[in-house]
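Q: Residues 1281 to 1772 (the numbering used here) make up the sequence shown, in order.
No lab work stands behind these hints, which were simulated from the structure alone.
Values in this document were obtained by computation on a predicted structure and should not be read as measured data.
Fair warning: there could be bad hints in the mix.
[Stated by the list, open to error] Lysine to aspartate or glutamate pairs mimicking EDC-like chemistry, simulated, CA-CA at most 20 Å apart:
#, residue 1, residue 2
1, Lys1491, Asp1449
2, Lys1403, Glu1374
3, Lys1549, Glu1563
4, Lys1505, Asp1517
5, Lys1515, Glu1456
6, Lys1319, Asp1286
7, Lys1425, Asp1481
8, Lys1599, Glu1680
9, Lys1306, Asp1286
10, Lys1387, Glu1401
11, Lys1403, Glu1370
12, Lys1411, Asp1385
13, Lys1515, Glu1500
14, Lys1551, Glu1562
15, Lys1306, Asp1291
16, Lys1599, Glu1610
17, Lys1491, Glu1502
18, Lys1403, Glu1366
19, Lys1549, Asp1539
20, Lys1472, Asp1509
21, Lys1451, Asp1517
22, Lys1749, Glu1720
23, Lys1391, Glu1353
24, Lys1621, Glu1610
25, Lys1506, Glu1492
26, Lys1411, Glu1353
27, Lys1606, Glu1683
28, Lys1403, Glu1358
29, Lys1515, Asp1449
30, Lys1749, Glu1725
31, Lys1391, Glu1416
32, Lys1403, Asp1385
33, Lys1472, Glu1442
34, Lys1658, Glu1755
35, Lys1411, Glu1366
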Amino acid sequence: MPIALDPSRLDEGEGIETTLVRNGAKYHQSCRLLFNNTKLERAQQRRAVPSTSGATDEPRSKRRKSADIPKVECFFCEDVISNLQEGISERLNEHLNQCSRTLNDGKLFAKLSGGDVVALEVKYHLRCLQKLYNAERAYLNSLEKAEKSDPGKDLYPVAFLELVIYIMDSKVTNTEATPVLFRLAGLASVYKPCLEHVGVDCLNVHSTRLKEQLLARIPELESHKKGCDALLAFKADIGPVLHEASQYSNALHLSKAADILRKEMLQHKIKFSSELKDGFGEEAIPPALLQFVCSIEHGVDIKSNLTHGIAKVLEIPGKLGETVIKQYVEEDVMCPPVLRKGLFTTAAVDNIDHNPMATTASTSFHGTSISMFHEPSKKNRGEQRVSPEITDSRTRKVPELPEHYTNIAPAYFKKIPTPATVDEVSLPDPSLFQRNIRVEYEWLENVQGSTDVDDESNITWSAHHGSQKRTSECETSITFLLPLLRDQARTN
1281 MPIALDPSRL DEGEGIETTL VRNGAKYHQS CRLLFNNTKL ERAQQRRAVP STSGATDEPR
1341 SKRRKSADIP KVECFFCEDV ISNLQEGISE RLNEHLNQCS RTLNDGKLFA KLSGGDVVAL
1401 EVKYHLRCLQ KLYNAERAYL NSLEKAEKSD PGKDLYPVAF LELVIYIMDS KVTNTEATPV
1461 LFRLAGLASV YKPCLEHVGV DCLNVHSTRL KEQLLARIPE LESHKKGCDA LLAFKADIGP
1521 VLHEASQYSN ALHLSKAADI LRKEMLQHKI KFSSELKDGF GEEAIPPALL QFVCSIEHGV
1581 DIKSNLTHGI AKVLEIPGKL GETVIKQYVE EDVMCPPVLR KGLFTTAAVD NIDHNPMATT
1641 ASTSFHGTSI SMFHEPSKKN RGEQRVSPEI TDSRTRKVPE LPEHYTNIAP AYFKKIPTPA
1701 TVDEVSLPDP SLFQRNIRVE YEWLENVQGS TDVDDESNIT WSAHHGSQKR TSECETSITF
1761 LLPLLRDQAR TN
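Start from the sequences and build out the full structure, keeping to the hints where you can.
A: Set out below in structure tokens:
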């Protein structure tokens, strides 16, 4: 049948057709085609064909088959890995048979029973063969050690017990305040004569094995390393030793600090001119001594290495910002105290974009900055403003900036602006043109008179004019950055 269906399940005793009619059975047309008469007749014809050979003929395969290529694998580990060696010597065959008999390896013996390594075309890894040889050598060594048993094996516990008694007696008979401490090398030197005394010929003592035996036999002992030496001490003595070392460490730090201050005081030289001036007291004291006294009085901030706490230091810029904003509000103008009166001033507005894709960025910022520039001269340096006084304010709320600074009305230009009207047209001074022509002729005469060109020659136009210092000295511009705006300044 086309599908897995047991017809007997559809018969309730009166026949399949009666059961289906009584239950109102329904079916899909596509499922009905699976039980058509054509397929039924073909199945009946296949069953009716007699078998001539008496056996069921297998269907003939119409696909090509290729012979399976045997896998080349290691003779020992049976892994298909490259870098295999081929066994081609009779000596290898004899050695492998000897290893199988020595180790009583039934699996290896069964593989070698089919012939020698040349006939079997044995492939192997060098590490696998070496592993087999090492196993045979270790087995033979164990047999040899078993045959040559140590005659003084029973004497080791006697000598070890004497060493344990020596350690415990040293702990009990100790009347000094210092704790009992044993060097592992010293215990090994004591243990060796004990072995010789009981009749054991011992060339040297394995220190690490002796330490493990002592720790297992005396649970109160602990092992500690000091450089290349191993020290053994009782657990009850570790606490007093650490406390004593801490006291010695504090005393050592104090002595080092005193030594440093003494050197600074001896190296600090100052002359007294029989007159006490302002600041003479600070100059007479070495900076290291002053810093040390301030650290004792106020403490030291580890993070910032400041004498005063970081909170005290951060109060200074906070109070300064509050005072400046308060002055902005009182004057109703955003004029920084560093700007001067009576100077030509320019301003620049630009967008500031903080890149959030940077590795150290945590937030993004897209705002506007306004920069102010003063152009002083030798004749007019401007009038400095009175610096604001910083007051001790108890409030920690930052005041707001003036409203006219943060709320700016939008400004725009017309697409076709109206040209400005000019009453009269000013012409350039003719003397400037003549002076510039004269400067160019000087450059041409310099080029014409130059015969040899070296590193110091100024032949080009830019090099010649750059070497001539014709500009007058000017004052440095005064710049100031106004508080940033959170919004961008857009140009449409």
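Q: If a hint holds in the structure, say so; if it doesn't, say that too.
A: Hints, verified against the model:
{"no.": "1", "hint": "Lys1491 / Asp1449", "result": "18 Å, holds"}
{"no.": "2", "hint": "Lys1403 / Glu1374", "result": "16 Å, holds"}
{"no.": "3", "hint": "Lys1549 / Glu1563", "result": "10 Å, holds"}
{"no.": "4", "hint": "Lys1505 / Asp1517", "result": "16 Å, holds"}
{"no.": "5", "hint": "Lys1515 / Glu1456", "result": "17 Å, holds"}
{"no.": "6", "hint": "Lys1319 / Asp1286", "result": "18 Å, holds"}
{"no.": "7", "hint": "Lys1425 / Asp1481", "result": "17 Å, holds"}
{"no.": "8", "hint": "Lys1599 / Glu1680", "result": "14 Å, holds"}
{"no.": "9", "hint": "Lys1306 / Asp1286", "result": "18 Å, holds"}
{"no.": "10", "hint": "Lys1387 / Glu1401", "result": "18 Å, holds"}
{"no.": "11", "hint": "Lys1403 / Glu1370", "result": "14 Å, holds"}
{"no.": "12", "hint": "Lys1411 / Asp1385", "result": "14 Å, holds"}
{"no.": "13", "hint": "Lys1515 / Glu1500", "result": "6 Å, holds"}
{"no.": "14", "hint": "Lys1551 / Glu1562", "result": "13 Å, holds"}
{"no.": "15", "hint": "Lys1306 / Asp1291", "result": "16 Å, holds"}
{"no.": "16", "hint": "Lys1599 / Glu1610", "result": "17 Å, holds"}
{"no.": "17", "hint": "Lys1491 / Glu1502", "result": "10 Å, holds"}
{"no.": "18", "hint": "Lys1403 / Glu1366", "result": "5 Å, holds"}
{"no.": "19", "hint": "Lys1549 / Asp1539", "result": "18 Å, holds"}
{"no.": "20", "hint": "Lys1472 / Asp1509", "result": "18 Å, holds"}
{"no.": "21", "hint": "Lys1451 / Asp1517", "result": "10 Å, holds"}
{"no.": "22", "hint": "Lys1749 / Glu1720", "result": "15 Å, holds"}
{"no.": "23", "hint": "Lys1391 / Glu1353", "result": "13 Å, holds"}
{"no.": "24", "hint": "Lys1621 / Glu1610", "result": "18 Å, holds"}
{"no.": "25", "hint": "Lys1506 / Glu1492", "result": "17 Å, holds"}
{"no.": "26", "hint": "Lys1411 / Glu1353", "result": "17 Å, holds"}
{"no.": "27", "hint": "Lys1606 / Glu1683", "result": "13 Å, holds"}
{"no.": "28", "hint": "Lys1403 / Glu1358", "result": "10 Å, holds"}
{"no.": "29", "hint": "Lys1515 / Asp1449", "result": "16 Å, holds"}
{"no.": "30", "hint": "Lys1749 / Glu1725", "result": "18 Å, holds"}
{"no.": "31", "hint": "Lys1391 / Glu1416", "result": "18 Å, holds"}
{"no.": "32", "hint": "Lys1403 / Asp1385", "result": "19 Å, holds"}
{"no.": "33", "hint": "Lys1472 / Glu1442", "result": "11 Å, holds"}
{"no.": "34", "hint": "Lys1658 / Glu1755", "result": "7 Å, holds"}
{"no.": "35", "hint": "Lys1411 / Glu1366", "result": "17 Å, holds"}
In terms of the numbered hints stated before, the structure departs from none.
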